[in-house]
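Okay, here's what each chain looks like letter by letter:
Protein chains: 2
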Amino acid sequence: MSYFDAASAAPLHPVARQALAASLDEGWADPARLYREGRKARMLLDAARETAADLVGCRPDELVFTSSGTRAVHTGVAGALAGRRRVGRHLIVSAVEHSSVLHAAEVHEADGGSVTQVAVDRTGAVPAGAYGAALRPDTALACLQSANHEVGTVQPVAEAAEACRAAGVPLLVDAAQSLGWGPVEGGWSLLAASAHKWGGPPGVGLLAVRKGVRFAAPGPADEREAGRAPGFENIPAIVAAVASLRAVRAEADAEAARLRELTELIRARVPHLVPDVEVVGDPVRRLPGIVTFSCLYVDGEALLHELDRAGFSVSSGSSCTSSTLTPSHVLKAMGVLSEGNVRVSLPPGTAARDVERFLEVLPEAVAAVRAKLGAPAPAAGAAVGGPALVVDALGRRCPIPVIELAKAIGDVPVGGTVRVLADDEAARLDIPAWCEMRGQKYVGEEPADRGAAYVVRRTS
Amino acid sequence: MSYFDAASAAPLHPVARQALAASLDEGWADPARLYREGRKARMLLDAARETAADLVGCRPDELVFTSSGTRAVHTGVAGALAGRRRVGRHLIVSAVEHSSVLHAAEVHEADGGSVTQVAVDRTGAVPAGAYGAALRPDTALACLQSANHEVGTVQPVAEAAEACRAAGVPLLVDAAQSLGWGPVEGGWSLLAASAHKWGGPPGVGLLAVRKGVRFAAPGPADEREAGRAPGFENIPAIVAAVASLRAVRAEADAEAARLRELTELIRARVPHLVPDVEVVGDPVRRLPGIVTFSCLYVDGEALLHELDRAGFSVSSGSSCTSSTLTPSHVLKAMGVLSEGNVRVSLPPGTAARDVERFLEVLPEAVAAVRAKLGAPAPAAGAAVGGPALVVDALGRRCPIPVIELAKAIGDVPVGGTVRVLADDEAARLDIPAWCEMRGQKYVGEEPADRGAAYVVRRTS
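Just so you know, the sequences run in chain order R and Y.
Residues in the first sequence are numbered consecutively from 1, following the UniProt record's numbering.
Residues in the second sequence are numbered consecutively from 1, following the UniProt record's numbering.
Hint data in this document are derived by calculation from the structure and do not stem from the laboratory.
Beta carbons are placed, not taken as given, at the ideal position from N, Cα and C, and that holds for glycine.
No incorrect hints appear here.
Ranges between beta-carbon positions, derived for each pair: (1) A167(Y) x V115(R): 34 to 44 Å; (2) D354(Y) x E223(R): 24 to 34 Å; (3) P127(Y) x L34(R): 31 to 41 Å; (4) E264(R) x A47(Y): 40 to 50 Å; (5) G132(Y) x E106(R): 36 to 46 Å; (6) E264(R) x A252(Y): 56 to 66 Å; (7) A82(R) x A226(Y): 21 to 31 Å.
Quick list of in silico lysine to aspartate or glutamate cross-link-like pairs, EDC-like style, CA-CA up to 20 Å: (8) K40(R) x E301(Y); (9) K40(Y) x E306(R); (10) K40(R) x D308(Y); (11) K332(R) x E301(R); (12) K40(Y) x E301(R); (13) K211(R) x E62(R); (14) K40(R) x D25(R); (15) K332(Y) x D423(Y); (16) K40(Y) x D308(R); (17) K407(R) x E436(R).
Just chain R, with the same shape it has in the complex:
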């Protein structure tokens, strides 16, 4: 079994396992107590905080340990907004932030605050100058991820931080995907991260808040972790998290170069091995271990099952695989194809032969799913003649509407149009994306009794 979903959760690093076992003996007591066991626990916690601060690039008294990266984000966003409430209630986020940031923004909006979502380009990157342009006199906080969790695109954090600093606005960086690779550059004000993303145990997040940032922790008072992370400290897990961060950092440069070659191989080979594929995300400014692509005429969940049977664990941002039945907000914001989406995220130590084997089984897996769905042959020739066409895909789930469109396009004369009736939310994203991939003209969307009618003109 090859586990290629490190961006969800990395397997426990051996150093984390050793540190956890050792500190279960020394770090279980209450570090606030004055007796021997308490003093030992306090020493472990203090030492972990110093090391973590050094690796993050902040002072030890600026860093607290939370119970998860999600908690670090929730507390960071709420605390910074509350601390700057007198300045205003405007929050800036990118459209491709992790759901923990977007959910925190929703709560702020429901509570009467205002939120600007900064759009991204087709690679998933925030364009230069976009954060500077979004700043307002009443902006209390801006949030930007260091790198995207679904497509791996690295964001211009240093540039955004500079624009924010010039305006006196703190920038919170969600560094969950990148902290294992290195510290976040630039003048950020708050930083959140999650240990299980770099091979630490679950149950540990980091929240750094630079001195001078106004901050009012949300929720009931608690004396632990500077009042920013209520509840008994999980010292064994904290020690393991920090030990593994130090270990992965020591290996980071060499491992990044190696994984970058492997993901480059996937980026380069997949479009040749699988017809009708779009590789998404920035080809250069990206995390070493993540590569994401989408396959036309494929149900993402079915493809995940095929790959699982072939021994590969990957994830998908397709509508078809999630419980919510809406496509990934990241792929949507990028305007790229969401159907048949696969994210490969390689954990450190991934063997080259496993990647090669993945490239061997992928074409068959995709073909098997397409065959079951009755997808069109990849090189469908252009037929001539026939009247304006309507494809009725109402009640059909992704990727069926696109499959039916692809089947029908051959019957449309060049210059003629086809109307696809569909009520699956993913069609709104995937039909324009299909047009772009196939060189056809997406005319637009028209209202319909049920769902919508998507109009496509055949151009070739």
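With the hints as your guide, set chain Y onto chain R.
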């Protein structure tokens, strides 16, 4: 070293350690994922939830795992209050709840809600009928601990639950101190607990919310744990927590009987071994492993240090030991002496010889602290004559004001009074408590330029 502070944190149970090691291999992946590693993680989580629900006495879909007992309390209180906001904003708590409950109540009050603190008797117990009497038409929630964390007194939860049920008000039970000993009796609506109190690892709390209880989880949305505990699930720790709960429950009856004998020994012997001691808490309706006493003329922190040097780790609710310099709210609410307070909480497995050794070293430790502070001899005779006396203890910390009072009382004629000037907050509690212990008459408190004047009449 004998660790007698299980009520703060219990050492890790061997079963927890084994379960943690095993589930680190199987339970690190994201349980929401469909591939093999995710399915394994999901199975472990589901099995842990079923076992935990069985041990708590609820349905699996009523129980979520939080990152700590504190989080379980915070979420439970906020969620129940929000869910019943239309009914009203009145919250009932006992005066001796854990700080996590009282801090949650403070937030509610700061947000415009109202809070009734139900007083306790001198044993720390909520009197019969007190919760019923506190209920109002606008009561949204009542909270009552199953047993007190500082003095071990068991609360009348079933009776309070019945009163609440009759009024249609949910009762939240903080079962942190008792869940390892058995399920909470009676018709509670919500229940919170913390794994590290029963020998599970840190980082795991439980929150049960019975079906039918209106509940609106606070904070940003999150799809994990029924939306009640955001962040990646800490499955290895959850599995270890549940495995150890099952293990301690299997041993609970026998171990409770054994520990009860040991704490009974301490309760009975300490007043004979140490002069001027008050053993507090209910002598019968109490947890098996906790016994608490206070020593006149003793600085709690100094006593903890003496005991630590002698090889015993205990805690104290004395003003003198905490960073806040106010006496324990529990001892204050009980109206008992807070100075020189010691809580002994025995972990399961405590050897009888360790308790005997504790009883050997305790008298010397107390005597050493008293000698350093210049405390009066225990059997100070009653002198006769002399004018009305003023003891100036301004600027002196607990236990000095009481020590000075005790020294001066011998110079007061029977029927005469002494005024103690003091500005340490603990004096307000400890001077009346001293009077009760010594059979003297506490007349009352008078305003003074600095601090207050506490007036005591010598009666014998």
